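K.L.:
Each chain, written out:
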Amino acid sequence: MENTNAVKSFYEDSGSSRTGIMSWLFTTDHKRIGLMYMYVLLAMFVVGVCLGLAIRLELIAPGKTIMEAQTYNAVFTLHGVIMIFIVVIPSIPAAFGNMILPIQLGAEDVSFPRLNLLSWWLYITGTVMALFSLFTGQGAPDTGWTFYVPFSEFTTTNVSVAVIAVFILGFSSILTGINFITTIHRLRAPGITWTKMPLFAWSLYATGWIQVLATPVLGITVLLIFVERVLGVGLFDPNKGGDPILYQHLFWIYSHPAVYIMILPAMGVVSDIIPVFARKNIFGYKTIAVSSLMIAFAGSLVWAHHMFTSGMSDTAVLIFSLLTFVVAIPSAIKVFNWTATLYKGSITLEPPLLYSLGFIFLFSVGGLTGLILGSAGTDIHVHDTYFVVSHFHYVIFGGTGFGLFAAMHYWLPKMYGRMYNKKVAKIAFAVLFVGFNLLYMPLFVIGLQGMPRRYYDYLPQYQTGHMISTFGSWILALGLIIMFVNLYKGYTKGPKIGRNPWGGSTLEWQTMSPPPLLNFDREPDTSRRPYDFKGVTPDE
Amino acid sequence: MENSVIDAVSKVDTAFQFIFGVSFVILFLITAVTIYFLFRYSSKRNPEPADIDGNLTAEIIWTVVPIIIVGAMFWYGWTGFKALREAPADSYNVKVTARMWSWKFEYPNGKTSDKLYVPVETPVKLDMTSVDVIHSFYVPAFRIKMDTVPGMQTYTWFMSGEPAEYDIQCAEYCGVRHSYMLSKVIVVTKDEFDKWLNGDQQAQAEPEGKALLAKYGCADCHSMDGSVLVGPSLKDIYNRDTVIIENGAEKTVKADEAYLKEAIYDPSTQIVKGYDDMMPPFKDEMPKADLEKIIGYLKGGEKAEKPGERGAKIADNEGCTGCHSTDGSIIVGPSFKGLLDRPVTALHNGKKVELTANIQYIISSIKNPGEYIVEGYDESMPPYDSLSDKDIQALIEYFGTLR
Numbered sequence: 001m002e003n004t005n006a007v008k009s010f011y012e013d014s015g016s017s018r019t020g021i022m023s024w025l026f027t028t029d030h031k032r033i034g035l036m037y038m039y040v041l042l043a044m045f046v047v048g049v050c051l052g053l054a055i056r057l058e059l060i061a062p063g064k065t066i067m068e069a070q071t072y073n074a075v076f077t078l079h080g081v082i083m084i085f086i087v088v089i090p091s092i093p094a095a096f097g098n099m100i101l102p103i104q105l106g107a108e109d110v111s112f113p114r115l116n117l118l119s120w121w122l123y124i125t126g127t128v129m130a131l132f133s134l135f136t137g138q139g140a141p142d143t144g145w146t147f148y149v150p151f152s153e154f155t156t157t158n159v160s161v162a163v164i165a166v167f168i169l170g171f172s173s174i175l176t177g178i179n180f181i182t183t184i185h186r187l188r189a190p191g192i193t194w195t196k197m198p199l200f201a202w203s204l205y206a207t208g209w210i211q212v213l214a215t216p217v218l219g220i221t222v223l224l225i226f227v228e229r230v231l232g233v234g235l236f237d238p239n240k241g242g243d244p245i246l247y248q249h250l251f252w253i254y255s256h257p258a259v260y261i262m263i264l265p266a267m268g269v270v271s272d273i274i275p276v277f278a279r280k281n282i283f284g285y286k287t288i289a290v291s292s293l294m295i296a297f298a299g300s301l302v303w304a305h306h307m308f309t310s311g312m313s314d315t316a317v318l319i320f321s322l323l324t325f326v327v328a329i330p331s332a333i334k335v336f337n338w339t340a341t342l343y344k345g346s347i348t349l350e351p352p353l354l355y356s357l358g359f360i361f362l363f364s365v366g367g368l369t370g371l372i373l374g375s376a377g378t379d380i381h382v383h384d385t386y387f388v389v390s391h392f393h394y395v396i397f398g399g400t401g402f403g404l405f406a407a408m409h410y411w412l413p414k415m416y417g418r419m420y421n422k423k424v425a426k427i428a429f430a431v432l433f434v435g436f437n438l439l440y441m442p443l444f445v446i447g448l449q450g451m452p453r454r455y456y457d458y459l460p461q462y463q464t465g466h467m468i469s470t471f472g473s474w475i476l477a478l479g480l481i482i483m484f485v486n487l488y489k490g491y492t493k494g495p496k497i498g499r500n501p502w503g504g505s506t507l508e509w510q511t512m513s514p515p516p517l518l519n520f521d522r523e524p525d526t527s528r529r530p531y532d533f534k535g536v537t538p539d540e
Numbered sequence: 001m002e003n004s005v006i007d008a009v010s011k012v013d014t015a016f017q018f019i020f021g022v023s024f025v026i027l028f029l030i031t032a033v034t035i036y037f038l039f040r041y042s043s044k045r046n047p048e049p050a051d052i053d054g055n056l057t058a059e060i061i062w063t064v065v066p067i068i069i070v071g072a073m074f075w076y077g078w079t080g081f082k083a084l085r086e087a088p089a090d091s092y093n094v095k096v097t098a099r100m101w102s103w104k105f106e107y108p109n110g111k112t113s114d115k116l117y118v119p120v121e122t123p124v125k126l127d128m129t130s131v132d133v134i135h136s137f138y139v140p141a142f143r144i145k146m147d148t149v150p151g152m153q154t155y156t157w158f159m160s161g162e163p164a165e166y167d168i169q170c171a172e173y174c175g176v177r178h179s180y181m182l183s184k185v186i187v188v189t190k191d192e193f194d195k196w197l198n199g200d201q202q203a204q205a206e207p208e209g210k211a212l213l214a215k216y217g218c219a220d221c222h223s224m225d226g227s228v229l230v231g232p233s234l235k236d237i238y239n240r241d242t243v244i245i246e247n248g249a250e251k252t253v254k255a256d257e258a259y260l261k262e263a264i265y266d267p268s269t270q271i272v273k274g275y276d277d278m279m280p281p282f283k284d285e286m287p288k289a290d291l292e293k294i295i296g297y298l299k300g301g302e303k304a305e306k307p308g309e310r311g312a313k314i315a316d317n318e319g320c321t322g323c324h325s326t327d328g329s330i331i332v333g334p335s336f337k338g339l340l341d342r343p344v345t346a347l348h349n350g351k352k353v354e355l356t357a358n359i360q361y362i363i364s365s366i367k368n369p370g371e372y373i374v375e376g377y378d379e380s381m382p383p384y385d386s387l388s389d390k391d392i393q394a395l396i397e398y399f400g401t402l403r
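Chains as they are written, first to last, in my numbering: chain A, 1 to 540; chain B, 1 to 403.
To be clear, the hints were calculated from the coordinates, so they are not data collected in a lab.
Note that this is a predicted model, so its numbers are computed, not measured.
From the three backbone atoms N, C-alpha and C, an ideal C-beta is built for every residue, glycine too.
Treat the hints with care, as some may be off.
Within a straight-line C-alpha distance of at most 25 Å, the following computed BS3-like cross-link-like pairs (lysine-lysine) qualify [said to hold, decoys possible]: (1) B:125 <-> B:190; (2) A:534 <-> B:44; (3) B:261 <-> A:64; (4) B:251 <-> B:299; (5) B:261 <-> B:288; (6) B:95 <-> A:240.
Stretch-level coverage of chain B by chain A, calculated; a stretch enters the list once three of its residues show a Cβ under 8 Å from a Cβ in chain A [unchecked claim]: (7) 28-42; (8) 161-172; (9) 177-183; (10) 240-249.
Here chain A stands alone, though its shape is the one from the complex (with noise of 0.2 Å):
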């Protein structure tokens, strides 16, 4: 706590004449930009959260339980809608990658403070549209969040104010990757070179390319739907002459990367985190950092791995089936590495290492099940079943959730300078894990019976899997409530924290906590590599 009074934290010196709500609406400190994105995608979240629990709450019986199938269709659209565009895909990046990306580089801020400001306004406008949509025209968009046409040309719902604010929440995700990625080429501290870059730093590298080159292809994608909707052109419907098939094509070309700009970040989180708690060295510097790379790349060529059952032909399954396995490399290289790391570490199983371990056991079970996805002759079974629904959310909640949650616990106390309760922490964690694997582990079971996804009302013979998977999401609900209490009452009365709480060896741990506006009280030191601990150790 050396230091505070000479020198004010980011809260108290806002870097402008504007006070009060305006010096956080207006600002272009990555940290306060950071912070709000945090806030409002957590409130997303829990909306989200809600009509999960809503959609449980209804499949819990067959027939009709809390509401009509038609509201039901509208529920499961938001669900989608608002857990990928607005709380997933902008979760790590935008709401940590901007906090801590520029203190790991050791710069006072990102390259275009303004453009950053720019992309969250973006972020909430397309949010305020998103949730316009259902209060306006006929009726709360029911496409499901894929937009597949020719049902959302069809359907007489809000879809068109749906698309169009996924199209500005497109554009707010590629203004982010631009930013990071010109601030990762031009903004690194001296010393700092690309390999004595924290590995958080290359997944939001890798994401930050994703992010530019596949959300164009989105936008594109959505504004056609649009323009058939309102103009009738006839891309994609067939009484017209086109083809619903491309509409797949040009919806996955993003879709699927879109998944790794989600996946990537939380690795990278975990990277950092593993280490720390190891008091080690990460097992394969370049390795990881490559593997991200690879997977960015490899990611953007397997999207038809979402169609093997849509009418393209065999051969194109063959090649797409193939590519998948390929990225199925990369990533069970990190989950090796990551495992390896802990080899004759000194470990001290705190919070955030305790969520890095689950978001490695879920994500494995996400992956390996994945491959059953890849693989042709299984996928046409399971596909659009229940088995999917539960893969994914394996992936996504289990992954990025989980990686989203280490890093609440690992970073946060640096930018409030408390610190929560690390034993209800654990038991959150516990609770959370017990939760997530009896909501999502009978989907797979009755997925593999033929148990379709999307589906309001059901046979009996899937009832046994939709009953205890309800269960579970009370006790996933229970864990998260617990969870989010715990940090709130952390942040805002928890024992005050010094410089360096966990010991970490990467730059953001060198400054105060919370770091003053620019970052930085004193000179950072980046002559250390990233997880390089011989003499650092933990604050108290």
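Following the hints, position chain B against chain A.
P.N.:
Showing chain B alone in chain A's frame:
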């Protein structure tokens, strides 16, 4: 052919077993090793961490081994996929048309059905398309799933196997009734299948009993339309009060089953008043089975001609009842109950119009539903211009019965 079929499901299942088996081993190893490390290298047991930053050999091993494993997985998966795609040349072909929210199966002889009847131990190839949005034909038991895409033909095939029933589900989200777009594959013996395929259809056009009446020449003397030829008409004959001359005395009897049987086998004992005793006894000529069928026909003649029955069948087969209820409730579109001559407020070219759902209106609503959209409903019904005028007539007759 039988082998290759059993192969399709079993090849897919082999791929499942292989991938799951390997995955369980990998997951178990990662988890066990992690837990062991947490325990063995906890800061209490191992206060001094070792200085290791990598190991090239280890990394090469865990790059190359996964490549081999996923290569094998890919191959198993692809073999299964190929088996699912290679329909035997002698497959039995059925056309499948998907629409919101029902399935229509059309057989080579033109017969249509809303359930997929197939003979045992036969490879069945389905040529599929959709009339509105994308659906997906999914039979979990056969591991097959194929999207049905409007404006495009897709196919899938399966081996029917033993007599049984299997669930068909729509696997591509298609709107409010998606989860009710269900049907069944019904595998029956070859005899039953032939009977179903041909028999039922004949019964629809010309019931068996009627054919027998023609065969035994009954129709030469007995009309079916109430007119008197030589003998009394057979129209509505069952349970009709009939005055007969029995042993010279007049007597009123009900033309029940026993009476009709006797009247055919031994007509001269009970002559209907006003007719001559000229019908030959059919006792020796007509086997009991045929007699039963004829009586059955005479009994059911009334039922077969029940107004609206054919229309009701068309409404089910064409999927109308997927959206339009017959009991006044609202599923997606307006109910059929009380439809005929109901006053309707509809949107026509963006303007509100008041009209009556008369026959003309109903015909145009079936053929061109976009023309008038009933207030409060969405424009989501596809045009059914493939229905024949006769079918539409039958539908309207059916609506007339739903008061």
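K.L.:
Failing hints, ascending?
P.N.:
3, 10
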